[in-house]
Amino acid sequence: MPHVRSISIAARIRRQAAPLAVLGGGLVGSAARSSALLFADSAGSRFPAVTLGVNLTGSFLLALYLARRQRSVSSTWSLHFWAIGVFGSFTTFSAFSLEVFHLVDAGAPLVAGYYVAASTIGGLAAAVVGGRIGRTAR
Amino acid sequence: MTVVIAVAAGSVGALARYLATGAIQSATRSAMPVGTAVVNIVGALLLGVTIGGLDPTRVVTLALAGFLGGFTTFSTWMVETVGLGIVPKPTYRAIINLVVMPALGVALAALGFVIAN
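The listed protein sequences derive, respectively, from chains A and B.
Under numbering that gives the first Met the number 0, the first residue of the first sequence is numbered 0, with each subsequent residue one higher.
Under numbering that gives the first Met the number 0, the first residue of the second sequence is numbered 0, with each subsequent residue one higher.
Treat the hints as calculated values from the structure; they're not laboratory data.
None of these values were measured; they are calculated from a predicted model.
Treat the hints with care, as some may be off.
Claimed, not checked - Okay, the calculated bits of chain A under chain B, using three or more residues with CB under 8 Å as the criterion: (1) 20-26; (2) 30-36; (3) 56-63; (4) 66-77; (5) 88-101.
Cβ coordinates follow ideal geometry from the N, Cα and C atoms, glycine included.
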């Protein structure tokens with residue numbers, strides 16, 4: 000059955016393309032986050048505003064992308080590149096965790112609390128709004 | 000140059016996250032997004048060890064920090080939490096996913112930093 004075989008070869012190519020799409024997207028997402036950290040002026044402030052901004056923006060964009068994706072035909076390559084690669088690596092959980100500890104360690108537990116609240120409540124709100132816009136906007 | 004290395008390491012971190020999340024999720028077959036949780040909590044611990052124990056001027060420190068930046072993810076955590084049910088009324092699972100991850104992430108980042116330091 001040559002037809003079945005051709006499908007399985009195509010599936011195999013797609014399987015190998017997924018890691019490459021994630022690598023490529025990860026490169027874009029990491030570069031964007033590094034640029035934000037390098038160029039945003041956070042001097043003189045101990046509040047990690049850049050990480051917060053990056054994490055909220057990324058949560059909004061990922062939800063927007065995934066909601067729009069459900070309305071149109073798009074490839075799994077696109078999902079791997081954008082969702083897992085770009086938006087996944089643009090945001091970061093490890094830096095968030097360490098920054099919370101550093102704030103507590105520096106004697107600013109209240110600021111740490113604000114940071115956690117802003118990140119979690121803000122992140123949820125960003126994801127809900129992103130999803131809603133993605134489902135409704137043209 | 001060091002920034003280029005950190006960005007490239009972040010790309011490899013994204014691939015490691017993709018592979019680890021898939022393996023953990025299919026091994027546990029949980030209704031909860033445990034793949035993302037494990038990756039994020041382990042990544043937070045390792046970043047604590049890296050920043051606490053290594054010389055910040057060394058390239059390897061930047062490469063590891065870059066790797067862990069791409070390995071862990073905040074956006075997926077948020078979207079998965081919304082997927083567990085947030086509006087109109089938060090579900091039990093969503094609240095667990097929202098609260099347990101930062102609690103463990105911060106605790107292990109602190110532990111890693113203090114031990115390595």
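Outcome of the hint check:
1. Counting residues of the region 20-26 of chain A whose beta-carbon sits less than 8 Å from any beta-carbon of chain B gives 6, enough to reach three: the coverage restraint holds.
2. For the region 30-36 of chain A, the stated coverage by chain B holds: 3 residues have a C-beta nearer than 8 Å to a C-beta of that chain, and at least 3 were required.
3. Given a C-beta distance limit of less than 8 Å, the hint that chain B covers the region 56-63 of chain A holds, as 5 residues qualify and 3 suffice.
4. Counting residues of the region 66-77 of chain A whose C-beta sits closer than 8 Å to any C-beta of chain B gives 0, which falls short of three, so the coverage hint is violated.
5. Chain B is given as covering the region 88-101 of chain A, and this holds because 12 residues of the stretch bring a CB closer than 8 Å to a CB of that chain, at least three being needed.
Checked against the numbered hints listed earlier, the structure breaks hint 4 alone; every other hint is satisfied.
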